[in-house]
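Number of protein chains: 2
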Amino acid sequence: MASPWKTASVPGLQLGLGCGFWICRSYRLLFRAGAMGPHVVPRQLVWLSRWQAVCARGASVQHRTRAGVSRIPSLLSPGGALGASPLVRRSSSSTPPGAPEVVLTQQRYPVTRLPFSAVSAEDLAAFERILPGGVVTDPEVLEASNVDWLRTVRGCSKVLLRPRTSQEVARILRYCHERNLAVNPQGGNTGMVGGSVPVFDEIILSTTLMNRIISFHSVSGTLVCQAGCVLEELSQYVEERGFVMPLDLGAKGSCHIGGNVATNAGGLRFLRYGSLHGTVLGLEVVLADGTVLDCLTSLRKDNTGYDLKQLFIGSEGTLGVITAVSIQCPPKPRAVNVAFLGCPGFAEVLQTFSSGKELLGEILSAYEFMDAECMWLVTHHLHLASPVQESPFYVLVETSGSRAGHDAEKLSDFLERALSSGLVTDGTVATDQTRLKALWALRERISEALSRDGYVYKGW
Amino acid sequence: MASPWKTASVPGLQLGLGCGFWICRSYRLLFRAGAMGPHVVPRQLVWLSRWQAVCARGASVQHRTRAGVSRIPSLLSPGGALGASPLVRRSSSSTPPGAPEVVLTQQRYPVTRLPFSAVSAEDLAAFERILPGGVVTDPEVLEASNVDWLRTVRGCSKVLLRPRTSQEVARILRYCHERNLAVNPQGGNTGMVGGSVPVFDEIILSTTLMNRIISFHSVSGTLVCQAGCVLEELSQYVEERGFVMPLDLGAKGSCHIGGNVATNAGGLRFLRYGSLHGTVLGLEVVLADGTVLDCLTSLRKDNTGYDLKQLFIGSEGTLGVITAVSIQCPPKPRAVNVAFLGCPGFAEVLQTFSSGKELLGEILSAYEFMDAECMWLVTHHLHLASPVQESPFYVLVETSGSRAGHDAEKLSDFLERALSSGLVTDGTVATDQTRLKALWALRERISEALSRDGYVYKGW
Chain A
1 MASPWKTASV PGLQLGLGCG FWICRSYRLL FRAGAMGPHV VPRQLVWLSR
51 WQAVCARGAS VQHRTRAGVS RIPSLLSPGG ALGASPLVRR SSSSTPPGAP
101 EVVLTQQRYP VTRLPFSAVS AEDLAAFERI LPGGVVTDPE VLEASNVDWL
151 RTVRGCSKVL LRPRTSQEVA RILRYCHERN LAVNPQGGNT GMVGGSVPVF
201 DEIILSTTLM NRIISFHSVS GTLVCQAGCV LEELSQYVEE RGFVMPLDLG
251 AKGSCHIGGN VATNAGGLRF LRYGSLHGTV LGLEVVLADG TVLDCLTSLR
301 KDNTGYDLKQ LFIGSEGTLG VITAVSIQCP PKPRAVNVAF LGCPGFAEVL
351 QTFSSGKELL GEILSAYEFM DAECMWLVTH HLHLASPVQE SPFYVLVETS
401 GSRAGHDAEK LSDFLERALS SGLVTDGTVA TDQTRLKALW ALRERISEAL
451 SRDGYVYKGW
Chain B
1 MASPWKTASV PGLQLGLGCG FWICRSYRLL FRAGAMGPHV VPRQLVWLSR
51 WQAVCARGAS VQHRTRAGVS RIPSLLSPGG ALGASPLVRR SSSSTPPGAP
101 EVVLTQQRYP VTRLPFSAVS AEDLAAFERI LPGGVVTDPE VLEASNVDWL
151 RTVRGCSKVL LRPRTSQEVA RILRYCHERN LAVNPQGGNT GMVGGSVPVF
201 DEIILSTTLM NRIISFHSVS GTLVCQAGCV LEELSQYVEE RGFVMPLDLG
251 AKGSCHIGGN VATNAGGLRF LRYGSLHGTV LGLEVVLADG TVLDCLTSLR
301 KDNTGYDLKQ LFIGSEGTLG VITAVSIQCP PKPRAVNVAF LGCPGFAEVL
351 QTFSSGKELL GEILSAYEFM DAECMWLVTH HLHLASPVQE SPFYVLVETS
401 GSRAGHDAEK LSDFLERALS SGLVTDGTVA TDQTRLKALW ALRERISEAL
451 SRDGYVYKGW
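Chains as they are written, first to last, in this note's numbering: chain A, 1 to 460; chain B, 1 to 460.
Looking at chain A on its own, in the form it has when it is part of the complex (with noise of 0.2 Å):
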């Protein structure tokens, strides 16, 4: 199974808004927990240092800040100039040539294999009887689901089993339990905290064939479907029905909504539409034993009894194997603006976003900012273009509305005060689906630039 990560910010660093926010200066430190044991890994001196680092080269932002104030060149039209920075699917991560191997996790942490059975030559056997043709031993296969997104962490798993029902998820699970055999769900692994990957040889247990939408109702926007559904496609399949997934991540184009359920994902949409506590009606899951846990309800406003699948939301696999999900859409708004401003300090992004609370209201759906740290590192590694000025805080408001003049006419009042009352130096509003992918990309791609200065630890 997969080991949580438990985590510790830094103090100070926990806001509360509800909104998203990535700040190259709250790296959280990360304990290891769970099966591991509760030991802080020793490279947290590391990360300290990483910290300490980052804040040194957060202080020289400030001399690449332009003084003064700017007007906004031209709100509601395009404007600023941006690269060519359409969102990346990312790739399992087989060994990129000229990329070093990553190191066995048994081998950078001081970690202890529990006492679980090795799989044998008869336990294959058995797998392929359950899943005939659905048992992968192929080493160069198995690399990709060995090793994490971020190249952080890396398992020696020898089998990786790619079940199609959760009758078959059920039967594979059962029959581990009796071998006392450790099985790692697995959906798209795309974390960004190592829970997604082996620690030792645990079998590889992977929702990637569990793909098929079970149903949808047009008149509630109730979603069910299996585990293994790539979210941006059932993005796509409800977008198609006039409702959108109220949940949206720079992931989308490989995550399982499995994954997503598991690992409790917040992701973009989650000032507009909340938490999957409140989205997800109803999960299918299957314990440790192999017994089939049916809470796939799609009833709305169910307060009877127990909220029993409300545990598994989070638990990461710990618990069970979520096999499939059953999930609340809301329509898809008529009407999307992106504007990405600039703000001179910290208590500048708060007062914009009361600012944009009260002003946008109820088409507010997405309020993000980034740091200096994060621009500098999208712009340099990944050669995406900033649109405005250089500025210690980015913000990325988003408005989702059913109908483009009223939602107009409500982010420029918004943007003109902001202006005015200099909580806002610069920015930029975009319309069009190809400038707003773009304007997204700059959050949505800092993890992966960050990647690129080396190792990451992110927390949430």
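Be aware that a few hints might be false.
[To be verified] Lysine to any residue pairs mimicking SDA-like chemistry, simulated, CA-CA at most 20 Å apart:
1) A:Lys332 <-> B:Leu359
2) A:Lys332 <-> B:Leu350
3) A:Lys332 <-> B:Glu358
4) B:Lys332 <-> A:Leu359
5) B:Lys332 <-> A:Ser355
To be clear, the hints were calculated from the coordinates, so they are not data collected in a lab.
Place chain B on chain A using the hints.
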């Protein structure tokens, strides 16, 4: 401890829309489970008869409904005659003059008292030491806490405890745990499924005096308060600061926020702000043995580790006593409209809902429907005046937005389409507080009207 009720719905009536609905013909059948065993309560047959009787009366509605389609008299302006219908504060159930006494639960149902200890004089002295002045044994005062609001079940508790702090709750529960004394946590005693009062002589642990607001964050809208705060008082508190509570329900004048969370109350804002599983950020809970479980976080986007607090949302006091709540309050809408409409059939109710989601989009904050039977009950028993012609179904549509002009335009377009396509045959719209409340009363006071007809069995 309060026993949970398990419910089974009449087939075909679970709509899964996420909107509110009230339909006389959808009475759920109640099964009492938990401490009292899984047997079906014999009165089920009586309820079935009642359900059939209501269905038979429902048929007569067709006769009372006028034929033909009439125009909405005055869209977006006050119209229709409404009787005086201020929302009543739910008083506790001391015997009203002339009302028959409620039969003891243990006499009406085949229930068996579990082998808990009985409260002794020594116990009372111990409670008095823990809660000086907070121990109530006066039978007249106890009567109100022994009977539920609908006057259908009645316990015979001899002692009511009123702690002020979590520490006091912990000391009480620790003592009761050691002494094997049964405890019934109680909030505002406004529940309608009999879960808030003792079955036998359980000690009643009331949250009435735990009514302190602990903190409110004016940027994030996060409210932290004790469990005994009355919902309406919290609403007033946050509204003065530019926010609203994410839930609202007819019992708001008396119900406690702790009870709302313990019963996972849905309420009238569910459609807009979602379930308490999404809006409750943290809980403090005292377990049966006196252990205080501190999950009172106020970080909105928290996905670290197991979300233990979720288990207590909807657990109805069976897993512990909720003593404090951290909850996310959305910004207060600047404009609110309510339309009350007559619909010719259930298919039209669904289509009107879909049309509303499409045209009202993000400002649609409530969609409730009731059948003609419910209207008959509130007009005859409570003397409220129906603002529209008699119809087989009625729909209440509420919009909440940040700009009155925009909202009125959207609502007007929606009503025009609903009327011209025959989905709606009559309607009225309100924008001022008095008429808003009067229209809402038609929906909110159905429970009260039903209770005038005799016993009411309600499953959600």
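Hint numbers not upheld by this structure, sorted from lowest to highest: none
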